[in-house]
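Participant: With the sequences and hints as input, model every part of the structure.
Protein sequences appear in the order of chains F, Y and G. Take the first sequence: its letter number 145 is residue 145 in this note's numbering, and every next letter is one higher. Take the second sequence: its letter number 257 is residue 257 in this note's numbering, and every next letter is one higher. Take the third sequence: its letter number 120 is residue 120 in this note's numbering, and every next letter is one higher.
Treat the hints with caution; some may be incorrect.
Derived SDA-like pairs: lysine to any residue, alpha-carbon spacing no greater than 25 Å straight-line [as the list claims (entries may be wrong)]:
1) Y:Lys144 <-> Y:Ser418
2) Y:Lys336 <-> Y:Ser284
3) F:Lys158 <-> G:Leu270
4) Y:Lys421 <-> Y:Pro149
5) G:Lys32 <-> F:Leu151
6) Y:Lys458 <-> Y:Val285
7) Y:Lys246 <-> G:Gly83
8) Y:Lys253 <-> G:Pro262
9) F:Lys123 <-> G:Met35
10) F:Lys123 <-> G:Leu29
11) Y:Lys173 <-> F:Ser89
12) Y:Lys122 <-> F:Gln54
13) Y:Lys253 <-> G:Val259
14) Y:Lys140 <-> Y:Asp448
15) Y:Lys246 <-> G:Thr63
16) Y:Lys381 <-> G:Leu153
17) Y:Lys283 <-> Y:Ser433
18) F:Lys124 <-> G:Leu38
19) Y:Lys253 <-> F:Leu151
20) Y:Lys392 <-> G:Phe235
21) Y:Lys253 <-> F:Leu159
22) G:Lys32 <-> F:His199
23) F:Lys158 <-> Y:Ala32
24) F:Lys84 <-> Y:Lys165
25) F:Lys124 <-> G:Asp288
Hint data in this document are derived by calculation from the structure and do not stem from the laboratory.
What follows is the residue order along each chain.
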Amino acid sequence: MLTLIGRRLLQLIPTLFFVSVIIFSLQHLLPGDPALVMAGEERDPAAIEQIRRQYQLDQPAPVQYIYWVKAVLSGDLGESMRIKAPVLSLILQKLPVTITLASMAIVVALVIGVGAGIVSAVKKDSIWDYLANGFALWGISMPNFWLGIMLIFLFSVKLGWLPASGYVPLSEDWRTSLASMIMPAFVLGNAIAAVLMRHTRSAMLHVLESDYIRTARAKGLLERSVILKHALRNAMMPVITLGALEFGTLLSGAVLTEQIFTIPGFGKLIVDAVFNRDYAVVQGVVLVTATTYMALNLLADMAYILVNPRLRG
Amino acid sequence: MKKTLRAAAAAVFLIATGGIACAQTTLRIGLAEDPDILDPTLARTYVGRIVFASFCDKLFDIDEKLNVVPQLALGYEIAPNGLSVTIKLRPNVKFHDGEQFNAEAAKYSLDRHMTMTGSFRKPELAAVDHVDVVDPLTIKITLKAPFAPLIAQLTDRAGMMVAPKAATEVGDKFGLHPVCAGPYKFIERVPQGRIVGEKFADYWNKDNVHIDRVVYLPVSDETVRLANLKSGGLDLIERAPAPDIKDIRADPKLKLATALGLGYMGIDINIGKGERANNPLGKSVAVRRALDAAIDREALNQVVFNGEFVPGDQWVNPENYYYQQSFPVPKRDVAKAKALLKEAGVTTPFDVDFMVAKGAEPQSVAEVIQAMAAEIGINMKIRVTEFATSLKQAEAGEYQAYLLDWSGRSDPDGNLYSFYKCKAPLNYTGLCSADVDRLLDESRVPSDRAQRKAIYEKVTRLLLVDDDSIIYLYHRRMLIAHTARLEGYRQLPDGMVRVVGLTLK
Amino acid sequence: MAEAALTTISVAQDESVETPTSRATRRLLRRKTAMLGLVIIAVFVSIAVLAPLISPYDPDLQTWSAVRKAPSLSHWFGTDDVGRDVLARVIYGARASLLAGVISVAIAILVGLPIGLISGYLGGFIDALFGRMTDAMLACPFLILAIALAAFLGPSLGNAMIAIGITTTPIFMRLTRAQVMAVKAEDYVEAARCIGNPHWRIALIHILPNILPALLVQATLSIAAAIIAEATLSFLGLGQQPPAPSWGSMLNAAQRFLVNAPWMAVWPGLAIFLTVLSFNLVGDGLRDALDPRSR
Chain F
1 MLTLIGRRLL QLIPTLFFVS VIIFSLQHLL PGDPALVMAG EERDPAAIEQ
51 IRRQYQLDQP APVQYIYWVK AVLSGDLGES MRIKAPVLSL ILQKLPVTIT
101 LASMAIVVAL VIGVGAGIVS AVKKDSIWDY LANGFALWGI SMPNFWLGIM
151 LIFLFSVKLG WLPASGYVPL SEDWRTSLAS MIMPAFVLGN AIAAVLMRHT
201 RSAMLHVLES DYIRTARAKG LLERSVILKH ALRNAMMPVI TLGALEFGTL
251 LSGAVLTEQI FTIPGFGKLI VDAVFNRDYA VVQGVVLVTA TTYMALNLLA
301 DMAYILVNPR LRG
Chain Y
1 MKKTLRAAAA AVFLIATGGI ACAQTTLRIG LAEDPDILDP TLARTYVGRI
51 VFASFCDKLF DIDEKLNVVP QLALGYEIAP NGLSVTIKLR PNVKFHDGEQ
101 FNAEAAKYSL DRHMTMTGSF RKPELAAVDH VDVVDPLTIK ITLKAPFAPL
151 IAQLTDRAGM MVAPKAATEV GDKFGLHPVC AGPYKFIERV PQGRIVGEKF
201 ADYWNKDNVH IDRVVYLPVS DETVRLANLK SGGLDLIERA PAPDIKDIRA
251 DPKLKLATAL GLGYMGIDIN IGKGERANNP LGKSVAVRRA LDAAIDREAL
301 NQVVFNGEFV PGDQWVNPEN YYYQQSFPVP KRDVAKAKAL LKEAGVTTPF
351 DVDFMVAKGA EPQSVAEVIQ AMAAEIGINM KIRVTEFATS LKQAEAGEYQ
401 AYLLDWSGRS DPDGNLYSFY KCKAPLNYTG LCSADVDRLL DESRVPSDRA
451 QRKAIYEKVT RLLLVDDDSI IYLYHRRMLI AHTARLEGYR QLPDGMVRVV
501 GLTLK
Chain G
1 MAEAALTTIS VAQDESVETP TSRATRRLLR RKTAMLGLVI IAVFVSIAVL
51 APLISPYDPD LQTWSAVRKA PSLSHWFGTD DVGRDVLARV IYGARASLLA
101 GVISVAIAIL VGLPIGLISG YLGGFIDALF GRMTDAMLAC PFLILAIALA
151 AFLGPSLGNA MIAIGITTTP IFMRLTRAQV MAVKAEDYVE AARCIGNPHW
201 RIALIHILPN ILPALLVQAT LSIAAAIIAE ATLSFLGLGQ QPPAPSWGSM
251 LNAAQRFLVN APWMAVWPGL AIFLTVLSFN LVGDGLRDAL DPRSR
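Facilitator: Encoded structure:
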């Protein structure tokens, strides 16, 4: 068991190395000069040169990579060229925002996905099956930026029920925080709901047809009890680990959702940084999110193994 | 019921913007982008200037007619030989940290703009040799050569005053917490989240500041920005979407404030930068004038902007004093265009690489231009390029035609010099003409408007007729939409949102 | 007498045996949602192929007197912000969007399948190397990679397809590898090795056919995701260049006019939704049909 964990931890190192190489080269291969972007409409060749020197942009790419890795290993993720704030502080500032949004999205996804999955499995091949399927699939069949804009028009402009944008920390005022996060959480959660539905459905179907359940039914237990207590519990395990794995999808979805709903989280930070060629920000944030993703994966795998002793062998 | 819900939504915003929902009034302004660094010396974005209007007062400001008016300075006097300018400063002005504003502080700020590493104000103040303190409320700026646009520079970032003690302490991190002398004091900034300012109790014009707090929120999507305004989440938005003008005017809860902008939208043609200039359009004036003649500016304005914007053919808009009446905006003339092409001996059709910035407006404009050009046999191949890449490619001459949007400056020199002077920073076309250079330098000397206009007349002839390397299309109307509860708001041509003299009911 | 008995038995066996393919097909045909999906896909593919024949107008024709006109008899879907017929653009846009979906996935399979095969079959260091690289790619947010790649290659539909294809490759690599590892240990593969079959022959004849069902399912689902990805990249200005139509770029242009000219957004949005939903339904149906564990 420990050797398994140890081996997986070791595997993290080359993976992280590849992540760093991928994100670094992509940034530096992008056409466009960050110094020019920073200069924008004001063009002073001397100022541009100075920017290049300050951020080592005049060095060849491999050299810049080494500088960056050295800095990261000593805890310095660099500085945003655009607003001169340290990347680490930007990340720490936005972490609670992204976590709040992601958590709410996962809740939405669980409610929709698992709910639809259960209905679909229990009422297989009936009209409920199709409705549940459609409802969950709807989320990944529509571009999320589109859904977001439509929701804003409906709920903010036409009905005036919900604020169109803005983020309020949960600690400040939980009511308004929820009100402003419901729409973006719904948009984000939709994307994962489908995956959760599929897995819940198939896991439930397998369990429902297993001997274990036939025995429970034969014992004369209520149908509802059969579903909830026995089938669901067995089916949940893969679904839970899936939640962790979908973190990556969440982040991808967050990119445009945060843009549309003006939520100052990671997604917006990265996208703006890519277009502004703010290298340090993109590299730093992707490194942090990739590490988190891999850590979550590892935890999910370990949890799965712990719970299911048959896999330890 | 609906009203309560709307009020609730508005309350959400008040709290979201950090305000306490009791007695304080808060003005929430929606920006089209997140500003860059909030340091007048290092800043470069248009939106940044909007935010500075609350925090950092300048020596001078402008009015609707583009006349210079006092702000932190009371007046100026240009020496007869044009080589120095004496500026009288306003007394009893304090910075946000309590420091006194005086000639020493003014000299400090100007020196900072001119000498700090990374300063983007250097080219604007390049004509300045040094600044002297004459007495506690007077400074004298000595120039290397006469420079008429100097005062205009001092009505923008180059004239913004920073608190010397605060600035010296933090150096280039000043932008993280700016300390200036404007109507509002900087409180906090959440990057891409919000920028908050609170009324400055010791502001020199505090009697005209009635709103307690100002909050800037970047909402990049223009449709969402308007949606926020309509739902009560914002009180004012800049760059309101042009397609919704009718809708905004019809809405009793909203008001539209407009002013004809200082900038322009034009097509830069690569005539001398690198090998991409080697194409029929880049090589021949006749071909460029043919393209110019094939464009129906009226129709363009009608189709894309519902007739709201103003067609243009020069670097200043037709309402500007310096607009040359002898070169009016031409009507479309396809016959003339075809004749010019024939005269140039060019075989049609031929392709032109047309670099266009990302965005709904430039793309629509580009598509219409493309259709118009196609009628005379010029195939403009649209290439939507994101901002960063387009800057690099324009600089390097890796384009053939470039749809360029210039925000504009109050002095015509700002729309002209850097674009046409040989090897100037914004000269993407690659024009290098000794005559043009000489005239441009000459135009900077006289402080008399009529004299400058006469020089510009000669420049206009050279640039529009003999060269036509930049084809001007239209001038944008600055569109600011705000809630009807905001009173006293007037829009100026520079697009800035001035926060003094406003009341929020 | 014994021979007669033997032939009777063998005949009886032949009648009750059913090939896996026909069993899957039968199950797929029975699943109504998947059938609906197939029909819708067929409709859109025909629209895309027959575009020049069925489109009422040239999709690039700008009529400046008919800008942003509501749907009418002359323009069934209305006109857009520069006076082009929306129906024509939706029809021609089907080509770009469907092509984007299919080619991106084709690229992903072309690159991911061989890598997965080699990785799973050879194992050892190669497997570990590719494994870590794939993990790294999956750890970066997909959209950021796609945006960066598309920006790097230059904005165009073709480059968007390449960008989406490359970012989808890890999924297929993983899938192939998993299938290979499962099949590798089977007896008949061992047997094939024993009698001296070369590796490539084993891969082609024994392993590949076993991978196809799972590959088909994933391909269908990935096409759905790729169409959405193209819409997203076009929304950001990195996909189809104007004036050529694609559903994503139409949505991009339409968002300023949601209040004034909602038809500009409704039709391409609906087209994306129906197409992507159909691919998802078919993919799910295929998965159920090919799943050996369900009856």
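Participant: Next, verify each hint and record whether it holds.
Facilitator: Hints and how they fare:
The hinted pair formed by lysine 144 of chain Y and serine 418 of chain Y meets the criterion: a straight-line CA distance of about 19 Å does not exceed 25 Å. Restraint check: the Cα-Cα separation between lysine 336 of chain Y and serine 284 of chain Y comes to about 16 Å, which is no more than 25 Å; the hinted pair holds. For the given pair, lysine 158 of chain F sits about 21 Å from leucine 270 of chain G by alpha-carbon distance, which is consistent with the 25 Å threshold. In summary, the hint linking lysine 421 of chain Y to proline 149 of chain Y is supported, as the alpha carbons are separated by about 16 Å, within the 25 Å threshold.
Of the pairs offered as hints, the one joining lysine 32 of chain G and leucine 151 of chain F is violated, with about 31 Å between alpha carbons and a cut-off of 25 Å exceeded. Between the alpha carbons of lysine 458 of chain Y and valine 285 of chain Y the distance comes to roughly 18 Å, so the proposed pair stays at or under 25 Å and holds. A hinted pair counts as satisfied when its Cα atoms are at most 25 Å apart, and lysine 246 of chain Y with glycine 83 of chain G qualifies at roughly 19 Å. The suggested pairing of lysine 253 of chain Y with proline 262 of chain G holds, with an alpha-carbon distance near 23 Å, which does not exceed 25 Å.
For a cut-off of 25 Å, the pair hint linking lysine 123 of chain F to methionine 35 of chain G stands: about 20 Å separates their Cα positions. For the suggested pair lysine 123 of chain F and leucine 29 of chain G, the alpha carbons sit about 20 Å apart, so the restraint of at most 25 Å is met. At most 25 Å may separate the alpha-carbon atoms for a hinted pair to count; lysine 173 of chain Y and serine 89 of chain F meet this at roughly 14 Å. With a C-alpha separation of about 18 Å, the suggested pairing of lysine 122 of chain Y with glutamine 54 of chain F holds against the 25 Å cut-off.
Of the supplied pair hints, the one linking lysine 253 of chain Y and valine 259 of chain G holds, its CA atoms being roughly 17 Å apart against a limit of 25 Å. Pair hint lysine 140 of chain Y plus aspartate 448 of chain Y holds up; C-alpha atoms about 20 Å apart against a cutoff of 25 Å. For the suggested pair lysine 246 of chain Y and threonine 63 of chain G, the alpha carbons sit about 22 Å apart, so the restraint of at most 25 Å is met. With a CA separation close to 18 Å, the supplied pair lysine 381 of chain Y and leucine 153 of chain G stays within the 25 Å bound.
In summary, the hint linking lysine 283 of chain Y to serine 433 of chain Y is supported, as the alpha carbons are separated by about 15 Å, within the 25 Å threshold. The hinted pair formed by lysine 124 of chain F and leucine 38 of chain G meets the criterion: a straight-line CA distance of about 21 Å does not exceed 25 Å. Of the supplied pair hints, the one linking lysine 253 of chain Y and leucine 151 of chain F holds, its CA atoms being roughly 22 Å apart against a limit of 25 Å. About 23 Å separates the Cα atoms of lysine 392 of chain Y and phenylalanine 235 of chain G, which keeps this hinted pair within 25 Å; it holds.
Our distance criterion of 25 Å between C-alpha atoms is met by lysine 253 of chain Y and leucine 159 of chain F, whose separation comes to about 16 Å. Between the alpha carbons of lysine 32 of chain G and histidine 199 of chain F the distance comes to roughly 20 Å, so the proposed pair stays at or under 25 Å and holds. Between the alpha carbons of lysine 158 of chain F and alanine 32 of chain Y the distance comes to roughly 23 Å, so the proposed pair stays at or under 25 Å and holds. At roughly 20 Å between alpha-carbon atoms, lysine 84 of chain F and lysine 165 of chain Y fall within 25 Å of each other, so this suggested pair holds.
Proximity of lysine 124 of chain F to aspartate 288 of chain G is assessed by CA-CA distance (about 12 Å); at most 25 Å being required, the pair is judged to hold.
Comparing the model with each earlier hint shows a violation of hint 5 alone; every other hint is respected.
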